[in-house]
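Number of protein chains: 2
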Amino acid sequence: MNTNKNIKTLIVKKPLQLDCGKTINNYPIAYETYGSLNEKKDNAILVFHALTGDQFVTGTNPITNKDGWWSYAVGPDKAIDTNKYFVICSNVIGGCMGSYGPSHKDPNTQKVFGTNFPVITINDMVNAQENLLDHFGINKLFSVAGGSMGGMQVLQFVSNFPEKTKTAIPIACTSSHSAQNIALNELGRQAIAADSNWNEGNYISKDTNPNKGLAVARMAAHITYLSKKGLQEKFGRKLQEREDLKFSFDADFQIESYLRYQGSVFVDRFDANSYLYITRAMDYFDLPRKFKGNLSDAFKETKARFFIISFTSDWLYPTQENKDIVIALNAIGVDVGFVEIKSDKGHDSFLLDVPDFLNALKNFLDKSYTEN
Amino acid sequence: MNTNKNIKTLIVKKPLQLDCGKTINNYPIAYETYGSLNEKKDNAILVFHALTGDQFVTGTNPITNKDGWWSYAVGPDKAIDTNKYFVICSNVIGGCMGSYGPSHKDPNTQKVFGTNFPVITINDMVNAQENLLDHFGINKLFSVAGGSMGGMQVLQFVSNFPEKTKTAIPIACTSSHSAQNIALNELGRQAIAADSNWNEGNYISKDTNPNKGLAVARMAAHITYLSKKGLQEKFGRKLQEREDLKFSFDADFQIESYLRYQGSVFVDRFDANSYLYITRAMDYFDLPRKFKGNLSDAFKETKARFFIISFTSDWLYPTQENKDIVIALNAIGVDVGFVEIKSDKGHDSFLLDVPDFLNALKNFLDKSYTEN
Chain A
0 MNTNKNIKTL IVKKPLQLDC GKTINNYPIA YETYGSLNEK KDNAILVFHA LTGDQFVTGT
60 NPITNKDGWW SYAVGPDKAI DTNKYFVICS NVIGGCMGSY GPSHKDPNTQ KVFGTNFPVI
120 TINDMVNAQE NLLDHFGINK LFSVAGGSMG GMQVLQFVSN FPEKTKTAIP IACTSSHSAQ
180 NIALNELGRQ AIAADSNWNE GNYISKDTNP NKGLAVARMA AHITYLSKKG LQEKFGRKLQ
240 EREDLKFSFD ADFQIESYLR YQGSVFVDRF DANSYLYITR AMDYFDLPRK FKGNLSDAFK
300 ETKARFFIIS FTSDWLYPTQ ENKDIVIALN AIGVDVGFVE IKSDKGHDSF LLDVPDFLNA
360 LKNFLDKSYT EN
Chain B
0 MNTNKNIKTL IVKKPLQLDC GKTINNYPIA YETYGSLNEK KDNAILVFHA LTGDQFVTGT
60 NPITNKDGWW SYAVGPDKAI DTNKYFVICS NVIGGCMGSY GPSHKDPNTQ KVFGTNFPVI
120 TINDMVNAQE NLLDHFGINK LFSVAGGSMG GMQVLQFVSN FPEKTKTAIP IACTSSHSAQ
180 NIALNELGRQ AIAADSNWNE GNYISKDTNP NKGLAVARMA AHITYLSKKG LQEKFGRKLQ
240 EREDLKFSFD ADFQIESYLR YQGSVFVDRF DANSYLYITR AMDYFDLPRK FKGNLSDAFK
300 ETKARFFIIS FTSDWLYPTQ ENKDIVIALN AIGVDVGFVE IKSDKGHDSF LLDVPDFLNA
360 LKNFLDKSYT EN
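In order, the protein sequences belong to chains A and B. Residue numbering for the first sequence follows numbering that gives the first Met the number 0, beginning at 0 and increasing consecutively. Residue numbering for the second sequence follows numbering that gives the first Met the number 0, beginning at 0 and increasing consecutively.
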């Protein structure tokens, strides 16, 4: 449980019945805000983070001392302009940056939950975060936005609270996790479970840490965030600080060093059990299922204006899966814009400096706000 | 070291200088044959296996009691017709089905090599296997054929021994391992190394086994052998023997059970250190590099007729990488045929019942043989 003084926390008293059937209450949601809420309280944007993100969207993350995960997109004069908008982001429940999760203590036993924490869903995450609106006295958000799992939360939020946002921006996401994506998440979970230090999830009480397994999970995921072409252009077969092959199992190639580094820094900021819970929530995400397979029905109560963004080289959440959402919205006459951004940076494009993407995001928001 | 009586072994006395600089001699090559060598000794096809294959191409593998890995393609009246052709296949050096590898004893120390086995390359594998021609008294093969790493060996064989085969069939392969493929192999190696039972490769002497890490490596690789579309059509979001989600970390989805099963059966037949050595050999494969970047130069001495085959949904060795070989051969006027087979079965297509592929393979071989 992260008790860092830089983490702002809302304790939610209202009981929340989870999809698994259990009910939680008096649970913490850790959040951060950027910019100022205006008097009319109509300039708030709720940003949802992806699998390994957190509430520290921009500026310096006070825990890692690195840039916030969406620094390219959020900040003064940026696409999500904090001179104009009030940005709220919270750590998802199940996470490890202060919100209620598996590293917290079970109030009934006073023992760390571990895998006794209830399995949560994207629906549960969104229902928990909606409490932030009451906290700030906001009746209606100006927008909800997020990429990857953040985009899934956007879809779920609009479906659950159709009157509570003026616009919605799901980016590089899907309405239903594919078999390949479930497979890739299961790979990460199995890598963690294969680490004998995982101890069936009880590593905190046993004072061990499945860092090796978690690093392997991260390496696997990291490969999927980049495109084949992007990897080839950035790394190709470049060797690591040497002229020739070393004929050993050291990191000969730069791509090997890069992956090992990505794994090693990740374990310093992320919790293995949270990785299990959040990937599980993604795999369980299947919005049409609640509506007998008809995705349009998920959105039939909303007047929100949608803007959907995909990336050409994203093979994890390819354009077609984003377009399927556009089609479902078009079918019921919802106001929806769509753009496929050309980028070789793969799924990670939404986190990176991709000017066409950032301009499209800024234009949609600013135009929609002017028409407010 | 596999000492099963079903394994035929050739002890190669001739010293072989490896790319790493070390020399080996008196080393075993385990092989199998199918069909009969004719009097003219001009009907032999040397088949090269892929990463986790072995010499048991067709019929029942006597070690695993399962079908040989290329049973769809090789056998009486099949594409590679053993009524007509004499098929030879050997386990690669570095492997674990009888050929010289890391589970063998170092003759100098009488201790199991483990990671003290020399790092080998595709070039080393091919040079070792060429000894089988002398063994059978074959001056010139009718064909060399293989998919994936087997295809790399085809390319290397023709480059090293331009006069020793009449035809060559590289399938679903590349002339140079890409950054993404190195990354995926490194992921597998890191999964093995993360298993505390790996013991820096000395697990045999310590009587442990990094089965969990090896299973994770296999799961990762298995995902890459299938296409996104193929996975979606076969598994989608189907649940495993239940009506609804279980809200646990058990295998809810069929794709999860399938992956876990693939991992668990693999460790019964494969050695973790061999996995490290063979993936390393693949990553080191860069045929143009030996010819100052000009792939055509690798083939300028050969008169062999090539037939190159790729598959539409293979994202590991996509059509473009196969076409690059065609282009290099065309540039120097080598006789080369090429076909891209439409299949949703991904990289694994070459191992499966894909009639268009099997027919193309059969037609090329039989036509070339008639013109013999």
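There may be inaccurate statements among the hints.
Stated by the list, open to error - Each pair of labels, with its calculated beta carbon distance range:
1. B/Phe135 / A/Ser195: 57 to 63 Å
2. A/Asn358 / B/Pro354: 46 to 52 Å
3. A/Lys4 / B/Gly292: 54 to 60 Å
4. B/Ala330 / A/Gly58: 43 to 49 Å
5. A/Lys205 / B/Ser247: 52 to 58 Å
6. B/Lys228 / A/Asp76: 49 to 55 Å
7. A/Arg241 / B/Lys110: 37 to 43 Å
8. A/Lys205 / B/Gln239: 28 to 34 Å
9. A/Lys4 / B/Arg241: 42 to 48 Å
10. B/Arg259 / A/Lys302: 41 to 47 Å
11. B/Glu199 / A/Lys4: 50 to 56 Å
12. B/Arg259 / A/Tyr260: 27 to 33 Å
13. A/Asn358 / B/Lys299: 49 to 55 Å
Claimed, not checked - Over 12 Å on every C-beta distance to chain B, these chain A residues come out as not near it, computed from the model:
14. Asp18
15. Asn24
16. Thr32
17. Thr81
18. Lys104
19. Pro161
20. Asp251
21. Phe290
22. Glu339
23. Asn358
Simulated from the structure, these hints should not be mistaken for lab results. What you are looking at is a predicted structure, and each value in this text was computed from that prediction instead of being measured. Beta carbons: idealized from backbone N, C-alpha and C, even for Gly.
Right, here's what the structure says about each hint:
1. B/Phe135 / A/Ser195: 57 to 63 Å: This hint is violated: roughly 48 Å between Cβ atoms.
2. A/Asn358 / B/Pro354: 46 to 52 Å: Given range 46 to 52 Å: holds, Cβ gap about 49 Å.
3. A/Lys4 / B/Gly292: 54 to 60 Å: 57 Å, holds
4. B/Ala330 / A/Gly58: 43 to 49 Å: 54 Å, violated
5. A/Lys205 / B/Ser247: 52 to 58 Å: This hint is violated: roughly 21 Å between Cβ atoms.
6. B/Lys228 / A/Asp76: 49 to 55 Å: With Cβ atoms ~42 Å apart, the hint is violated.
7. A/Arg241 / B/Lys110: 37 to 43 Å: 29 Å, violated
8. A/Lys205 / B/Gln239: 28 to 34 Å: 30 Å, holds
9. A/Lys4 / B/Arg241: 42 to 48 Å: Cβ of A/Lys4 to Cβ of B/Arg241: about 45 Å, so the range 42 to 48 Å holds.
10. B/Arg259 / A/Lys302: 41 to 47 Å: 45 Å, holds
11. B/Glu199 / A/Lys4: 50 to 56 Å: 42 Å Cβ-Cβ, so the 50 to 56 Å window is violated.
12. B/Arg259 / A/Tyr260: 27 to 33 Å: Given about 29 Å between the Cβ atoms, the range holds.
13. A/Asn358 / B/Lys299: 49 to 55 Å: Since A/Asn358 and B/Lys299 have Cβ atoms about 50 Å apart, the given range 49 to 55 Å holds.
14. Asp18: 7 Å, violated
15. Asn24: Answer for A/Asn24: holds, closest chain B Cβ roughly 19 Å.
16. Thr32: Since the minimum Cβ distance to chain B is about 32 Å, A/Thr32 lies beyond 12 Å and the statement holds.
17. Thr81: Since the minimum Cβ distance to chain B is about 36 Å, A/Thr81 lies beyond 12 Å and the statement holds.
18. Lys104: Given that every Cβ of chain B is farther than 12 Å from that of A/Lys104, nearest at about 20 Å, it holds.
19. Pro161: Given a closest Cβ separation of 25 Å, the condition holds.
20. Asp251: For A/Asp251, whose nearest Cβ neighbour in chain B is about 8 Å away, the distance does not exceed 12 Å, so it is violated.
21. Phe290: 15 Å, holds
22. Glu339: The claim holds: A/Glu339 sits with its nearest Cβ about 17 Å from chain B, beyond 12 Å.
23. Asn358: 29 Å, holds
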